[in-house]
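Top to bottom, those sequences are chains U and V.
Per my numbering, residue 1 is the first one in the first sequence, and the count goes up by one each step.
Per my numbering, residue 1 is the first one in the second sequence, and the count goes up by one each step.
Treat the hints loosely; a few may be bogus.
Stated by the list, open to error - Which chain U residues stay away from chain V? Per the calculated CB distances, all over 12 Å, these:
(1) F142
(2) R210
(3) L265
(4) N301
Said to hold, decoys possible - Chain V stretches covered by chain U per the calculated footprint, using a threshold of three residues with CB under 8 Å from any CB of chain U:
(5) 216-228
(6) 239-252
Read the hints as simulated data drawn from the structure, not as lab findings.
The C-beta atom is built at its ideal place from N, Cα and C for all residues, glycine as well.
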Amino acid sequence: MNPPTRSEAQQRADDIRVFRVELARLETEGVLQLPPEQRRAVDAHHDGLLAGYAAAFDIDRDTQARQLSLGMRVASFLGALALAASVFFLFYQFWGHFGETAQVAILIGAALGSLGLTVFIQGRDASGYFTKLAALVAFACFVLDLVMLGQIFNITPTDKALLPWAALAFLLAYTCDLRLLLAAGICCVIAYVSARVGEWGGLYWLDAGRRPENYFPVAVLLFATPLMVSHRRFAGFEVIYRVFGLLCLLVPMLILGHWGNGSYLDMPAGVIEGGYQVAGFVASALAIWLGVRRSWNDTVNTGITFFVIFLYTKIYDWWWEIMPKWLFFLVVALSAILILVVLKRLRGGRSQA
Amino acid sequence: MISRKLTLALGAALIAAANGIALSGVAYNRSGEPESRLVLSQRELERPWSWRSNKENSGLSLALEWRVPAADSESDYSYYSSHGGIPAWLDEKRIAELGFDVERAKGDDARRDKTIAQSERQVLVVLELAGNAWQGAIEQARQRLAHQQSLRQASPGAKELIDGEKRAQERLAREENESSRLFAVDVGTDLASLRAKYPDRSRYLILQGNLRLDRIYRDKKTVVTGYLGKLAVDRINVPHAMRAPFESMPPRAGGPNDKKPPFTATVAVGQRLEPWIEAVGTP
């Protein structure tokens with residue numbers, strides 16, 4: 001059975017590479033010696049698979065190719081951002097020279113044309129790098145389209161524009177298997193949901209950030225999405241949902257832990273700040289626990305990062321003024337060692353289990 | 001994974017729908033008789049500083065210069081165009097009628113600051129063109145000049161009083177001939193009742209803007225008031241066909257000698273309270 005996605009093909013190719021290395025070791029150590037005909041059959045089968053994957057998905061067949069791929073990913077990411085910015089500035093430089101009808105036609109034409117180009121490239125680009133470039137340009141053209149319609153016709157700014165932007169980003173992300181576009185779509189959803197929640201709470205939609213609790217509902221939504229909808233065929237998508245979900249939960253907690261006046265809660269600011277500091281510790285500890293339990297490295301790492309930030313901001317609040325600096329940094333170092341010991345124990349327990 | 005054809009179809013439908021909805025909104029806004037139609041001049045519509053020298057943006061939009069009648073007539077800032085401020089006419093009773101929790105904002109506990117910091121909301125702002133508010137501003141400038149003249153006559157040799165009188169004369173001249181005549185005179189949440197109160201559609205412009213609570217020291221006591229902030233649409237795009245008069249104008253230089261080239265622009269405001277320029281004229 002052929003692997004249906006590029007990520008699954010890459011995973012199988014990696015497994016084959018590891019298998020070959022270990023098989024060579026076992027043969028050298030005299031533990032295993034496959035009969036020549038079996039060895040040839042296995043090699044032929046693997047070679048055929050690798051050739052097929054390379055032709056269909058442009059996968060990395062060895063370590064060197066993998067390292068080069070990392071560079072290509074970075075280059076395509078930076079190129080995509082630069083190309084999107086270029087489209088923005090290109091239009092701004094020349095749009096004043098056209099009448100309104102031509103401006104609208106150019107904007108819609110650019111959005112449709114770049115979408116068509118993305119789909120065209122996707123069919124010819126097995127590596128996915130050029131598809132990513134084209135997809136981000138298509139997204140930028142669509143964002144530019146609605147933003148400029150607003151400027152040309154003096155339309156009142158509205159959060160509703162975030163919905164079609166998110167929809168196009170998700171469409172491109174899921175059909176072209178692009179994590180960058182998924183992140184763009186998620187950012188639009190975060191902005192829209194927090195704006196709506198803020199407006200229900202009586203805030204002007206652009207002021208949603210003034211009450212960090214507006215981000216909690218979207219945090220739950222994002223974290224729950226990969227639990228409810230399987231993303232097995234989309235490598236790395238679940239990670240992006242979980243990390244953005246945790247950021248929408250833990251960053252507001254961190255802010256509210258030091259700015260109680262930003263809360264909806266009708267309580268003294270000191271009580272709110274104390275409560276959110278405790279909640280921040282509990283939430284990041286829970287993230288670490290859940291991440292270890294489900295083998296979600298992203299969740300563990302995000303949880304640890306925020307646990308450390310919460311811990312160090314508290315240590316700073318308590319002791320920076322009253323302790324000599326050498327003692328303060330010694331306490332920070334000791335707390336880091338304590339975290340290392342705890343994580344080492346967690347890892348040990350996990351290995352035994 | 002869905003097919004490429006379906007991706008293209010879905011994406012194209014999405015782009016078409018989003019543009020269709022936006023353009024339908026524009027068509028609806030401009031349908032029928034405009035909600036208001038005013039003839040503004042270079043006093044109320046400011047050209048951008050960098051236009052023509054800015055090679056990165058070839059578009060042209062005019063900033064709506066509007067003012068808030070300040071309670072403090074001695075304030076230097078009360079004479080200049082601005083983009084917000086604390087209106088003299090906005091008292092606690094009026095703010096409470098708009099739905100703000102004035103009592104809580106007046107309190108002495110820590111929740112007061114939270115109430116004020118998170119109070120911003122969208123309201124309808126009534127802008128009056130060359131009406132009583134503008135006459136009031138001119139009168140303030142005249143009184144200030146008379147006051148400075150009386151001070152100078154009492155001490156004829158004092159240099160600072162001579163300078164003060166000169167500044168007051170310049171201020172009056174600016175108020176009469178240069179500063180914006182567009183003043184925020186009321187706010188509300190119901191368009192129909194505001195329009196009933198201000199029926200002259202060629203003098204009163206109603207736009208969406210932001211209002212938030214504020215606390216100031218007035219008449220020797222702390223009072224809760226409102227800060228009228230940004231308008232939802234505060235720049236109006238100049239259609240390509242109407243750009244010609246602006247092409248021949250010199251760039252803005254800034255400073256006291258910067259004279260604004262005269263022009264008029266008919267600004268209409270539609271059903272969704274979104275403005276557009278209908279015509280531009282030069283003398």
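Against the structure, the hints come out as follows:
1. F142: The assertion about F142/U is violated, with a minimum of 6 Å to chain V.
2. R210: Per Cβ check, R210/U is inside 12 Å of chain V; nearest 6 Å; violated.
3. L265: Its Cβ does come within 12 Å of chain V, the nearest being 10 Å, so this is violated.
4. N301: holds (29 Å)
5. 216-228: As far as the stretch 216-228 of chain V goes, the hint is violated, because 0 residues have Cβ atoms under 8 Å from chain U.
6. 239-252: holds (count 4)
In summary, the numbered hints that this structure violates are 1, 2, 3 and 5.
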